[in-house]
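Undergrad: Listed below, chain by chain, are the residues.
Number of protein chains: 2
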Amino acid sequence: MAEPSGDRAAAADAAAAADGPDAPGTAEPLFDRVALIGIGLIGSSLARAIRRYRLARTITVAARTEASCAKARDLGLCDLVGTDLGPIVAGADLVVLCTPVGVYAEVATAIAPHLAPGAIVTDVGSVKQLVVRDVAPLLPAGVHLVPAHPVAGTEHSGPEAGFAELFEGRWCILTPAPGTNEASVERVAALWRGCRSMIELMDPKHHDVVLAITSHLPHLIAYTIVGTAVDLEEQTRAEVIKFAAAGFRDFTRIAASDPVMWRDIFLNNREAVLDVIQRFNEDLTALQRAIRWGEGEALFDLFTRTREIRRSIIEARQA
Amino acid sequence: MAEPSGDRAAAADAAAAADGPDAPGTAEPLFDRVALIGIGLIGSSLARAIRRYRLARTITVAARTEASCAKARDLGLCDLVGTDLGPIVAGADLVVLCTPVGVYAEVATAIAPHLAPGAIVTDVGSVKQLVVRDVAPLLPAGVHLVPAHPVAGTEHSGPEAGFAELFEGRWCILTPAPGTNEASVERVAALWRGCRSMIELMDPKHHDVVLAITSHLPHLIAYTIVGTAVDLEEQTRAEVIKFAAAGFRDFTRIAASDPVMWRDIFLNNREAVLDVIQRFNEDLTALQRAIRWGEGEALFDLFTRTREIRRSIIEARQA
Chain A
18 MAEPSGDRAA AADAAAAADG PDAPGTAEPL FDRVALIGIG LIGSSLARAI
68 RRYRLARTIT VAARTEASCA KARDLGLCDL VGTDLGPIVA GADLVVLCTP
118 VGVYAEVATA IAPHLAPGAI VTDVGSVKQL VVRDVAPLLP AGVHLVPAHP
168 VAGTEHSGPE AGFAELFEGR WCILTPAPGT NEASVERVAA LWRGCRSMIE
218 LMDPKHHDVV LAITSHLPHL IAYTIVGTAV DLEEQTRAEV IKFAAAGFRD
268 FTRIAASDPV MWRDIFLNNR EAVLDVIQRF NEDLTALQRA IRWGEGEALF
318 DLFTRTREIR RSIIEARQA
Chain B
18 MAEPSGDRAA AADAAAAADG PDAPGTAEPL FDRVALIGIG LIGSSLARAI
68 RRYRLARTIT VAARTEASCA KARDLGLCDL VGTDLGPIVA GADLVVLCTP
118 VGVYAEVATA IAPHLAPGAI VTDVGSVKQL VVRDVAPLLP AGVHLVPAHP
168 VAGTEHSGPE AGFAELFEGR WCILTPAPGT NEASVERVAA LWRGCRSMIE
218 LMDPKHHDVV LAITSHLPHL IAYTIVGTAV DLEEQTRAEV IKFAAAGFRD
268 FTRIAASDPV MWRDIFLNNR EAVLDVIQRF NEDLTALQRA IRWGEGEALF
318 DLFTRTREIR RSIIEARQA
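Order-wise, the sequence lines are chains A and B.
Each residue of the first sequence is one higher than the one before, starting from 18 at the first, in the numbering used here.
Each residue of the second sequence is one higher than the one before, starting from 18 at the first, in the numbering used here.
Simulated from the structure, these hints should not be mistaken for lab results.
Note that this is a predicted model, so its numbers are computed, not measured.
Hints may contain errors.
Far from chain B, by Cβ distances over 10 Å, these chain A residues were calculated [unchecked claim]:
hint : residue
1    : R81
2    : L92
3    : T100
4    : A107
5    : P130
6    : Q146
7    : A158
8    : E203
9    : L234
Quick list of simulated restraints, FRET-style, between CB atoms [as the list claims (entries may be wrong)]:
hint : chain 1 : residue 1 : chain 2 : residue 2 : range
10   : A       : D220      : B       : E325      : 33 to 41 Å
11   : B       : F317      : A       : Q252      : 25 to 33 Å
12   : A       : D96       : B       : L92       : 51 to 59 Å
13   : A       : E203      : B       : I331      : 37 to 45 Å
14   : A       : D96       : B       : D318      : 32 to 40 Å
15   : A       : Q252      : B       : R150      : 23 to 31 Å
Positions of the beta carbon are idealized from the N, C-alpha and C atoms, including for glycine.
So that you can see chain A by itself, here it is in the shape it has in the complex:
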């Protein structure tokens, strides 16, 4: 998916403005002031979607470097941007952590004293037990924590890589702790519905197990296989690049994803990831053995069963 052209984006904005009264985007904005902490692929896509569908009156953005602040400003992603977290979250009724999950504790510590009473804190991270562990204990009483994970992305990173349509037709998983203020959960759900996502509620531990197989293992495997190719001797490596169209290139796309984000995911979903690696390894060993001993039927059976899953995904419109 490419960044939409200015024209296409403008046309979509006009269409959003022309929507009927029931459509998100014409009603009163859901939030007065949304603060985005981090402005990479997901943060900047969210900023664009919030703008397009008029989900907030004001968007503020915190970035780690002055260079990122300048990009956010140049791209017109927000009303206020800075590296200092205090002024960015002050007065926000929604704060969204869009940083790699490894710095959540640090960010939560920095924003805690500046959060408005009754503010909602949410995130977009790919692991959810760690939000309970790292963020919840640091927030002041009266602030509502509603962890979220929009299941969407591309292999591109940075503020320029975002686009408003990223979340369209995709799932957003919310993992609020039992007893969380219901109105706050509903407002976060409304934000993502406003971005054209579908909502799923899940227990954080279960989320981390499911995502370990649908996302973390695929990324780990892709990084591994591309790494295996990188280590080949020079001439073979050149040929691997030349003949990548035979299957390898799909892995290189996944293995081009943001390194910091993925390091943090693996380190923070260790248990579930190690468990699925173990299962995967057993299955690979069985195939390896079937190839060694020429067991064609075992190979054929597996290769036939895996086709079914593809069909289910196409039927579920997630292909």
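Mind docking chain B on chain A? Use the hints.
TA: This is chain B only, laid out in the frame that chain A set:
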């Protein structure tokens, strides 16, 4: 890649007809009569490309079942079609094996008595040492064997899945034995250039090593990971399908490839495939260990190096 619409195909045909005298398609056809044995994704794409670019006067097709013959006829892919190999290859100046590689020996035995003197036999298979092993000894003297591998494909199978553009801008690797008639090698190269492919000459053993990493290992890994997911308990499996967009779906696409074709590839490139599985396994074990012991730097380093390969592939226009 989708099947082009009728309009687009017609426009491309018109453009081909209007090409200058140097363009493939307007000169005298390269071949008088091309016989395609097998009419799956590759065979039917080749038939379409031969038609569009006028690379042969007559196309004959052999299919394994009457149903496939009917499809080839309905799709207008050829001038003559049948299940009996003799009449299909009789009088052909080019015979292309487009079956799974596991039946090459059987096919070569069946066609050998019917091949015209001076005919060229080629193939489109993904492993090349086996052509030397299984096909070469069965051909009569005076027939020229020029093994070929168009490095192109999709996850779809069957005569309906083909399209004339499949080979455009892709590599086709030829692996003729030393001493092969040069004019025959050149005519096979011209066929693939006529399909808008680029030509590479390679030793069959080296081909099988390179493709083991760029194609066979990626497919094996994709089949494995999707198989691991298939074996999950019912509820988790439903969620894996639902949240496939997080990385998993790319693997399911690859793992939907033709089971017979892939079984035959693994069984016939055993040595090279087992070698790359071994390397891959060592690398995965190292990553597993880094995750277990929280070695963030090792993860970050690998994830950064793998990005480079993606960049090289994009620069090589094979992305």
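Undergrad: Please write out, lowest number first, the hints stated earlier that are contradicted by the structure.
TA: When the structure is compared with the hints, only number 9 turns out to be violated.
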